[in-house]
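All chains, full assembly: derive it from the sequences and hints.
Sequence lines, in order, name chains A and B.
Counting from 1 along the first sequence, just add 27 to a position and that's the residue number in our numbering.
Counting from 1 along the second sequence, just add 394 to a position and that's the residue number in our numbering.
Quick caveat, the hints were computed from the structure, so don't treat them as lab data.
Quantities reported herein were computed from a predicted structural model and do not represent experimental measurements.
For each residue, glycine too, the CB sits at the ideal point set by N, CA and C.
Residues from chain A that face chain B, not an exhaustive set, calculated with beta carbons under 7 Å:
id, residue
1, A127
2, L226
3, G285
Derived coverage of chain A by chain B (criterion: at least 3 residues anywhere in the stretch with Cβ under 8 Å from a Cβ of chain B; other residues may be distant):
id, stretch
4, 117 to 126
5, 417 to 430
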Amino acid sequence: MRKLAVWCTCLILLSLTGCSKPPEPSNKIYLWHWMTDRNDTFQKLAQQYKEETGIEVSIQLFAPSDAYSQKIIAAGQSNVLPDIYGILDKKSVVADFIKAGLVLDLTDAMEADGGKWKDSLFDKALADKSFEVGNIYGVKPGIYGVPIDVTNEQLLYNKKLLAKAGIATPPRTYQEFIKDAQILRRVGIIPFVSGWGELWLLDCFASNYAFNIMGEQKVFATFRGEVKYTDPEWIKVFNIFAELHDKGVLMDGIVTKGNKYAEQDFALERAAFAFNGSWCVNVYHDMNPHLDYGVIPPPPMSTEWPLKIWGSAGSSFMVNGNSPNKTKAVAFLKWLTSKEQQVVLSKETNNLPSNKEALLGVSPILRDFATGMDQSTHPNIWPLNEDPSVSEAFDKGIQDIIIGEKTPQQVSEDVQMVKDSQNRHGN
Amino acid sequence: MNPKVKAAVIFKDNLQNFFFVLPALSIFCVFYIYPFLNMIFLSFHEWRGIGPMHFTGLQNYKGLMSDHLWWDSIGHAGYITLIALTFQNALAFALALACDREIRMKRFYRVVFFIPPVLSEVVVGLIWNWILNPEMQNGQHIGLLNHLLYTSGFPQLVHNWLGDPKTALTTIAIVHSWKGFGWGFIVLLAGLQTIDKQLYEAAKIDGAGAWKTFTNVIIPMMLPVILVVVILTILGSMQVFVLIIAMVNEGLVNHTDVPVTRIFSAMQNTNRFGYACAEAVIFGMVLIGVSFMAKKLSDKAKQV
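Following this line, the structure appears as structure tokens:
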């Protein structure tokens, strides 16, 4: 009995000692990621890095991304993050991680050697995890993430289906897009599909047109509460979805469709247009290598303001601010985003490289996507974002319009009501 | 024996027993009690998952009281549960009764009926998404159900089952029942097999027909088993989550929201961990209340 008690006490003490032992620098760094499609290439590159430098990089995959996101938050709470990791959450959450000391400020490393590393990367991708002077999050200005690829969301068109309907060129304006969609519908082709069961993609499409109809300053003024969602220009944005529904542009069941299904629909030529991100090049290639398609920004409705697409870092890695291997982790990320490794990553995974110099080696469709980066924007680089509850009401309201339950006017009033309620609670 | 020695022996025995249960108790405390207490603690705070927490007292609970989407979601879960309690359990009971008799291939049926519950909810969602697909390609319905309805002469019944607010929740409830009836079937069948066959013979000799035997022999003998099935159905159906995500993603507007999707949304989409915890506390109380009521009702039925 006494022996048992002694053993139990020893075991508990031993485990407690293990828990409190501070981590020590080593020649092995740990990286956690969520990118199933890139895991093999990461492993290969890690092996190459070990051969070149003697430093072992243990790449660990945790998928799907939702689960990864929760894992990172849990690991952050208990301070057991790896040396390198990514935060898939909103910028406000990134800010919380930084303020908790869990993310290393990379500004000095980026600006060393006359800013060579920084200059090699797309500005908008870097901006995704950077904080400007006077940012609303109260974070010390700096660069906190390393983009390993870039992505943007645009309109894809199936060349064969358009030709079948007698449409020679893709639409240049929103009005042309509606006209083409009606022609497609007449010949029995579903015009448009997207994964609008995932609210962020719907939000992305809506905000593209909001920027085009009223300009970004008015959008931000709405977020600040200075413009109401019942403003005629916001109703015009909501009207787009009523029109898409009324004119038979959308595939049935689009509001509950996950993007994976929407990707399948476009790849299997069930729809002529799709709204999707640049990662789709890899997905479509796997599903249908012979798919003949092109990419354009969503056709603008107005000429008054530019239509801006969402585009920024596709995936970014951060260095753990508490890691004993910070320098080694930064060196690895610098190596991973250099031209040679970026070409390998881009070729093997069909993603847009974050290194501008690596663009020359990518496929024509990816180059077309890359041209969109010039007119891109992203919530992560906006000076402020809408309250999440208002965004939810906004996106769900658009779903309501698409299924014909509410009118644009009703939805605008509903969203404004949520906004007013948030303002009353001082959020 | 000297009382002091006796007390020492008892103490030693108790201590020994305590050490035997200590590993299980530690695991239970770390993985159940601590998170449970922490959840209650968090429900009184505003917290975004990382960074400082702000004590807000009952603010989250106050917000919940006026959150109609939350109460709607409880109503939706209640509706799914109602369908599961009636349709799913009636089906399970009927099939269990059929398989309790001497019929051909009954082992085969037992295996077949148990396939849906062992499938992952994601797989079930994917299969039913294909069956319920509302789209057409080249003039043909892609979804199996609409295709069958069309080709068997019921084109007026072809429908976008998951895309219409009037049918989406019922469709999910039916798929949930389809997935879940196998559990009830197995438990009820096991219960039926414990009923002494002599009771059936005695009832037959007393002139009882099939219905009388069912109401006067099977139901009273099966009440404890039925109670277990009812409580498990309530708990399982009220907490339905994965199936909904697999079938309608983030939901058809708010028509397919259930409490767990609301809790998940509060954490994942709006980073309101405190609010999510308050939702979880309220939901837990609802579940305890409903289970308690089911037990009370069953006890009353037993007395009758």
